[in-house]
Amino acid sequence: MKFLDEYRDAAAVERLAGALRRLVRRPWTIMEICGGQTHTIVKSGLEGLLPAEITLVHGPGCPVCVTPVELIDQAVAMAARPEVIFCSFGDMLRVPGTAGSLLEAKAAGADVRMVYSPLNALKLARANPGKEVVFFAVGFETTAPANAMAVWQAEREGLGNFSMLVAQVLVPPAMEAILSSPQRRIDAFLAPGHVCTVMGYQEYEPLSRRYGVPMVVTGFEPLDLLEGIYLAVAQLEGGRAEVENQYRRAVRREGNRAAQERIVEVFEVSPRKWRGIGEIPSSGLRLRQRYRRFDAEERFGVEAARVEEAGECIAGLVLQGVKKPFECPAFGTRCTPETPLGAPMVSSEGACAAYYQYGRRQHD
Amino acid sequence: MTEFNSSCPVMRPAEERVLLAHGGGGRLMHQLIERVFVAEWASAGLQARHDGAVVRVGGARLAFTTDSYVVRPLEFPGGNIGDLAVNGTVNDLAMCGARPLYLSAGFILEEGLEIETLRRVARSMRQAAARAGVALVTGDTKVVDKGKGDGIFINTAGIGVVEAPAEIAPQAVRAGDAVIVSGDLGAHGVAVLSVREGLEFEAPVTSDTAPLWAPVEGLLKAGLEVHCLRDLTRGGLASALNEIAGAGGVGIEIRETAVPVREAVQGACEILGLDPLYVANEGRFVAFVPERDAARALEVLRGFQVCALAARIGAVRAGPRGVVELESRIGGHSILDLLSGEQLPRIC
Numbered sequence: 001m002k003f004l005d006e007y008r009d010a011a012a013v014e015r016l017a018g019a020l021r022r023l024v025r026r027p028w029t030i031m032e033i034c035g036g037q038t039h040t041i042v043k044s045g046l047e048g049l050l051p052a053e054i055t056l057v058h059g060p061g062c063p064v065c066v067t068p069v070e071l072i073d074q075a076v077a078m079a080a081r082p083e084v085i086f087c088s089f090g091d092m093l094r095v096p097g098t099a100g101s102l103l104e105a106k107a108a109g110a111d112v113r114m115v116y117s118p119l120n121a122l123k124l125a126r127a128n129p130g131k132e133v134v135f136f137a138v139g140f141e142t143t144a145p146a147n148a149m150a151v152w153q154a155e156r157e158g159l160g161n162f163s164m165l166v167a168q169v170l171v172p173p174a175m176e177a178i179l180s181s182p183q184r185r186i187d188a189f190l191a192p193g194h195v196c197t198v199m200g201y202q203e204y205e206p207l208s209r210r211y212g213v214p215m216v217v218t219g220f221e222p223l224d225l226l227e228g229i230y231l232a233v234a235q236l237e238g239g240r241a242e243v244e245n246q247y248r249r250a251v252r253r254e255g256n257r258a259a260q261e262r263i264v265e266v267f268e269v270s271p272r273k274w275r276g277i278g279e280i281p282s283s284g285l286r287l288r289q290r291y292r293r294f295d296a297e298e299r300f301g302v303e304a305a306r307v308e309e310a311g312e313c314i315a316g317l318v319l320q321g322v323k324k325p326f327e328c329p330a331f332g333t334r335c336t337p338e339t340p341l342g343a344p345m346v347s348s349e350g351a352c353a354a355y356y357q358y359g360r361r362q363h364d
Numbered sequence: 001m002t003e004f005n006s007s008c009p010v011m012r013p014a015e016e017r018v019l020l021a022h023g024g025g026g027r028l029m030h031q032l033i034e035r036v037f038v039a040e041w042a043s044a045g046l047q048a049r050h051d052g053a054v055v056r057v058g059g060a061r062l063a064f065t066t067d068s069y070v071v072r073p074l075e076f077p078g079g080n081i082g083d084l085a086v087n088g089t090v091n092d093l094a095m096c097g098a099r100p101l102y103l104s105a106g107f108i109l110e111e112g113l114e115i116e117t118l119r120r121v122a123r124s125m126r127q128a129a130a131r132a133g134v135a136l137v138t139g140d141t142k143v144v145d146k147g148k149g150d151g152i153f154i155n156t157a158g159i160g161v162v163e164a165p166a167e168i169a170p171q172a173v174r175a176g177d178a179v180i181v182s183g184d185l186g187a188h189g190v191a192v193l194s195v196r197e198g199l200e201f202e203a204p205v206t207s208d209t210a211p212l213w214a215p216v217e218g219l220l221k222a223g224l225e226v227h228c229l230r231d232l233t234r235g236g237l238a239s240a241l242n243e244i245a246g247a248g249g250v251g252i253e254i255r256e257t258a259v260p261v262r263e264a265v266q267g268a269c270e271i272l273g274l275d276p277l278y279v280a281n282e283g284r285f286v287a288f289v290p291e292r293d294a295a296r297a298l299e300v301l302r303g304f305q306v307c308a309l310a311a312r313i314g315a316v317r318a319g320p321r322g323v324v325e326l327e328s329r330i331g332g333h334s335i336l337d338l339l340s341g342e343q344l345p346r347i348c
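Residue numbers (the working numbering), protein chains in the order written: chain A, 1 to 364; chain B, 1 to 348.
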C-alpha cells in the first residue's frame with residue numbers, strides 16, 4: 001500500500017540496521033514515549049533486529065494505561081445512570097476500575113457506546129435530546145484538538161445534553177518526571193510523532209538542553225522507529241544532545257497552529273494523577289471556566305473514593321522504564337489481559353499487554 | 001520532582017457475567033466454553049474442539065453442526081444475514097470433510113421487523129442453498145418483544161456425509177505440513193464495519209461470504225492428503241491457527257508478507273485500528289497438507305473462483321507447542337496470540 005509499504009520494507013530495514021550496527025560503540029538505553037510506537041516495535045519484532053548494545057524501554061505514552069482508577073470508577077458510575085449514554089474510544093472500555101470496567105457496566109445494563117470520534121458523541125446528543133450524552137475524553141495532545149472541537153461545537157449549538165469526562169494528559173511533564181527521577185536510566189528519547197504533529201517540538205528543546213538528552217521526534221512504522229533509533233544513537237555516540245525530527249512528513253517545529261488554538265480556547269493546564277505513577281504537576285488539561293458547564297464531573301457530581309494504589313503490580317517501574325514487563329513476577333501468570341493486575345496489561349498499547357500478546361514466550 | 005509510586009491497585013475479581021467479549025472468538029470465549037459447556041457436557045459426548053461433530057449412523061459417517069447468526073447491520077455490501085446463515089453452516093460441514101446435504105433454520109424475529117426485509121433474507125437463503133447444493137428442509141419461527149432482539153437472529157443446523165477418507169482434525173496436523181489460506185483475508189469484517197461506522201472507500205469492500213465445499217471436494221477428489229481444515233470466521237486467521245496449534249500440539253510459523261490482504265481492506269484496517277489477521281471472514285479457510293502435496297493443493301484451489309488468491313503462508317513445526325509465530329514484514333519475529341475478546345481499536 002502506497003505511503004505504508006515504503007516504511008515496512010525489509011530491505012530498507014536491513015540496510016539501516018546494518019548502518020546502526022556499524023555506528024554503535026557503547027550500550028545505550030532509549031525510551032519510546034508513545035504506546036503506538038511500543039505496539040509497532042513489539043509486533044514487528046524490531047528489537048530482535050537491533051544490535052545488542054541497544055536496549056529499548058517503553059514509556060508512559062499509553063493513555064488508557066495512565067488514566068487513574070478514580071476516573072474509571074467515575075465513568076462507570078456515570079454510565080450506570082439511566083439517563084446517560086456513555087461514549088468512549090474502544091480500548092478504554094476494557095480497563096478495570098475498582099467496580100469493574102465499562103464493558104462490565106454495559107453487561108449490567110448501562111448504555112455504553114464505542115465511538116471513533118467525539119464528534120460521533122455530539123451526533124448522539126443531537127439525536128437523543130431526552131438523554132445525557134457523556135464522552136470520555138482520554139488521551140494525550142493527539143486527541144485534545146478533536147475533543148476541544150466537540151466542546152466548542154456543543155457550546156456554539158447550545159447543546160445542553162452533552163458533556164465530557166476529561167482525562168487529557170500532556171507528554172512533556174511526564175518526560176520531565178522521568179528525567180528527574182533518581183532511578184533514571186534513559187539515555188535518549190524517541191518523542192511521540194503524533195503528539196508533535198499537533199504541538200510541534202519547541203517545548204522539547206529546553207528539556208533536551210536541561211537534561212542533556214537527545215530527543216528524536218519519531219513516527220510509527222518500523223522504518224520510522226529504526227531511523228529514530230539510528231539518529232538518537234548518532235547523537236549519543238557523537239556526544240550531542242538536541243531535538244531532531246525523523247517524522248518530517250507529518251511534523252513541523254511549530255506544529256499545527258489551528259489545532260493548538262482550539263485546545264487553548266477550550267482547555268487549561270492542570271495537575272493530573274497518572275495511574276501507576278502518581279500526581280505530576282501541570283501534566284493534564286481541564287475545561288476552562290467558560291466551558292465548565294460541559295464538564296461531566298461537575299454536571300453529575302459523581303465523587304469517586306480515592307483509591308490507594310497497592311499490590312504487587314510494578315506498573316510504575318515499567319512505565320518509567322526501570323523494569324521490563326517480563327521482569328515482573330506476576331507477568332503472564334497472575335497478571336494476564338483477562339485478569340489484569342494493572343493497566344499496562346489492559347490496552348494493546350500497554351507495554352505489558354504488548355509483550356504478552358506478541359513477545360511472551362521469547363522470554364520464558 | 002515527582003516521586004514514582006511503583007504500584008497499581010489489585011483488581012477486584014470481576015463479577016461473573018457474560019460480556020460481549022465472551023462472543024469475540026478469543027481467549028475469553030474459549031474459557032467460557034471450557035468452564036461451562038465442556039465441564040457440563042463432556043460426559044454427554046461433546047466434541048468441542050472442531051467446527052462440527054462426526055457421528056456414525058449405521059454404516060455412514062455423518063457430520064453434524066449448528067451455528068447462530070447475529071449481525072448488525074442485517075444487510076451489508078455483498079450479502080445479508082441469510083447468506084451467512086447458510087454459508088456458515090455449510091462451511092462448518094465442509095471443514096469436517098463432509099458434503100453438506102440438509103439444513104434447518106430457526107428464526108428469532110423482533111416485533112416491528114419489516115416483512116419485506118425478512119422476505120429478502122429468506123430469498124438470499126434459498127439462493128445460497130441452491131449455490132451450495134443443500135436443501136433447507138425444516139425450520140422454526142419465534143417472535144420476541146420490540147427491544148428484545150436485533151431484527152433477526154438465525155440459527156441453522158446442518159448434516160452432511162463425510163467424504164474425506166481420513167480424519168480431518170487438528171490432531172492430524174504434522175510438523176512439516178504446509179499452511180495454505182484459500183484467499184485474501186478480512187473483506188467480510190471490513191464490509192460490515194464500514195457500514196456500521198459510516199465509512200466509504202474508493203473501492204468498496206464487499207463481504208467474502210461463500211460456500212466452501214466445492215474447493216474442499218476439489219482437494220479430496222485430487223487425492224491429496226488433507227490433515228486439517230478450518231474456516232476463518234470470528235477471530236480470523238490468527239485465532240484459527242492458535243486453536244489448531246493448541247489442539248494439535250504443534251507450532252506454526254507464518255510469514256506476514258505471504259498472507260493475501262487486498263489493499264482496500266488493508267487501508268480500512270489501518271483507519272479502523274484493526275489487524276486483518278484477526279478480522280472475520282465468511283468464505284475463507286486454512287488448509288494443512290503435507291509438504292509434498294502443497295504445490296498441487298494450491299493449483300487445485302486456485303482453479304475455483306472463490307480461491308483464486310489462495311496462497312501458501314507458512315509451515316508447521318514440532319514446537320514450541322501451541323505457539324503461532326509471525327515473521328513480520330520487516331523480518332522480525334513475534335508471537336501471534338489469541339486475543340482476549342474482540343479487537344478494540346486503539347486510541348492513538
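Check before you lean on any hint, since a few could be wrong.
[Stated by the list, open to error] Pairs of lysine-lysine, DSS-like flavour, derived with a Cα cap of 30 Å:
#	chain 1	residue 1	chain 2	residue 2
1	B	146	A	106
2	A	123	A	106
3	B	146	A	131
4	A	106	B	148
5	B	148	A	123
6	B	146	A	123
7	A	106	B	221
8	A	131	A	106
9	B	221	A	131
[Unchecked claim] For the chain B half of the interface with chain A, some residues (derived, Cβ under 10 Å), not all of them:
#	residue
10	195
11	197
12	200
13	203
14	206
15	259
16	263
17	270
18	329
19	332
[Stated by the list, open to error] Computed beta-carbon distance windows for the label pairs:
#	chain 1	residue 1	chain 2	residue 2	range
20	A	327	B	309	51 to 57 Å
21	A	158	B	196	51 to 57 Å
22	A	334	B	17	17 to 23 Å
23	B	33	A	205	21 to 27 Å
24	B	34	A	123	55 to 61 Å
25	A	53	B	309	38 to 44 Å
26	A	338	B	172	15 to 21 Å
27	A	210	B	35	33 to 39 Å
28	B	196	A	108	54 to 60 Å
No lab work stands behind these hints: they were computed from the structure. Ideal placement from N, C-alpha and C gives every residue a C-beta, glycine not left out.
Results for each hint:
With a CA separation close to 20 Å, the supplied pair residue 146 (chain B) and residue 106 (chain A) stays within the 30 Å bound. In summary, the hint linking residue 123 (chain A) to residue 106 (chain A) is supported, as the alpha carbons are separated by about 20 Å, within the 30 Å threshold. Between residue 146 (chain B) and residue 131 (chain A) the CA atoms are separated by roughly 20 Å; this keeps the pair inside 30 Å, and the hint holds. Between residue 106 (chain A) and residue 148 (chain B) the CA atoms are separated by roughly 16 Å; this keeps the pair inside 30 Å, and the hint holds.
For the suggested pair residue 148 (chain B) and residue 123 (chain A), the alpha carbons sit about 25 Å apart, so the restraint of at most 30 Å is met. For the hint pairing residue 146 (chain B) with residue 123 (chain A), the CA-to-CA distance comes to about 24 Å; that is within 30 Å, so the pair holds. Among the hinted pairs, residue 106 (chain A) with residue 221 (chain B) is inconsistent with the structure: their alpha-carbon atoms are about 50 Å apart, more than 30 Å. Simply put, residue 131 (chain A) and residue 106 (chain A) have alpha-carbon atoms about 16 Å apart, close enough for the 30 Å limit, and the pair holds.
Using a Cα cut-off of 30 Å, the hinted pair residue 221 (chain B) and residue 131 (chain A) is violated, with the two alpha carbons roughly 61 Å apart. A least Cβ separation of about 14 Å between residue 195 (chain B) and chain A goes past the 10 Å threshold, and the interface hint is therefore violated. Of the supplied interface hints, the one on residue 197 (chain B) holds, with its beta-carbon coming within about 6 Å of a beta-carbon of chain A, less than 10 Å. Residue-level restraint check for residue 200 (chain B) is violated (minimum Cβ-Cβ distance to chain A is 14 Å; threshold 10 Å).
Interface restraint check for residue 203 (chain B): the shortest CB-CB distance to chain A comes to about 12 Å, outside 10 Å, so the restraint is violated. Residue-level restraint check for residue 206 (chain B) is violated (minimum Cβ-Cβ distance to chain A is 19 Å; threshold 10 Å). A distance limit of 10 Å between C-beta atoms decides the matter here; for residue 259 (chain B) the minimum to chain A is near 13 Å, and the interface restraint is violated. At about 5 Å, the closest approach between the beta carbon of residue 263 (chain B) and any beta carbon in chain A falls short of 10 Å, and the interface hint on this residue holds.
With 10 Å as the threshold, the beta carbon of residue 270 (chain B) comes within range of chain A, its nearest partner Cβ sitting at about 7 Å, so the hint holds. Of the supplied interface hints, the one on residue 329 (chain B) holds, with its beta-carbon coming within about 4 Å of a beta-carbon of chain A, less than 10 Å. Given the 10 Å rule on beta carbons, the hint for residue 332 (chain B) holds: about 2 Å separates it from the nearest Cβ of chain A. Taking the beta carbon of each, residue 327 (chain A) and residue 309 (chain B) are about 43 Å apart, not inside 51 to 57 Å as hinted.
Checking the proposed 51 to 57 Å range against residue 158 (chain A) and residue 196 (chain B) shows it is violated: the Cβ atoms sit about 30 Å from each other. Hint check: residue 334 (chain A) to residue 17 (chain B), Cβ distance near 22 Å, so the stated range 17 to 23 Å holds. One distance hint, 21 to 27 Å for the beta-carbon pair residue 33 (chain B) and residue 205 (chain A), is violated here, with the actual separation near 55 Å. Taking 55 to 61 Å as the suggested C-beta distance range, the pair residue 34 (chain B) and residue 123 (chain A) does not conform, at roughly 41 Å.
A hinted range of 38 to 44 Å for the beta carbons of residue 53 (chain A) and residue 309 (chain B) is consistent with their spacing of about 43 Å. Remark: the range hint 15 to 21 Å for residue 338 (chain A) to residue 172 (chain B) is contradicted by a beta-carbon distance near 30 Å. A hinted range of 33 to 39 Å for the beta carbons of residue 210 (chain A) and residue 35 (chain B) is inconsistent with their spacing of about 55 Å. Take residue 196 (chain B) and residue 108 (chain A): their Cβ atoms lie about 24 Å apart, and the range 54 to 60 Å is violated.
Against the hints set out earlier in the document, violations occur for numbers 7, 9, 10, 12, 13, 14, 15, 20, 21, 23, 24, 26, 27 and 28.
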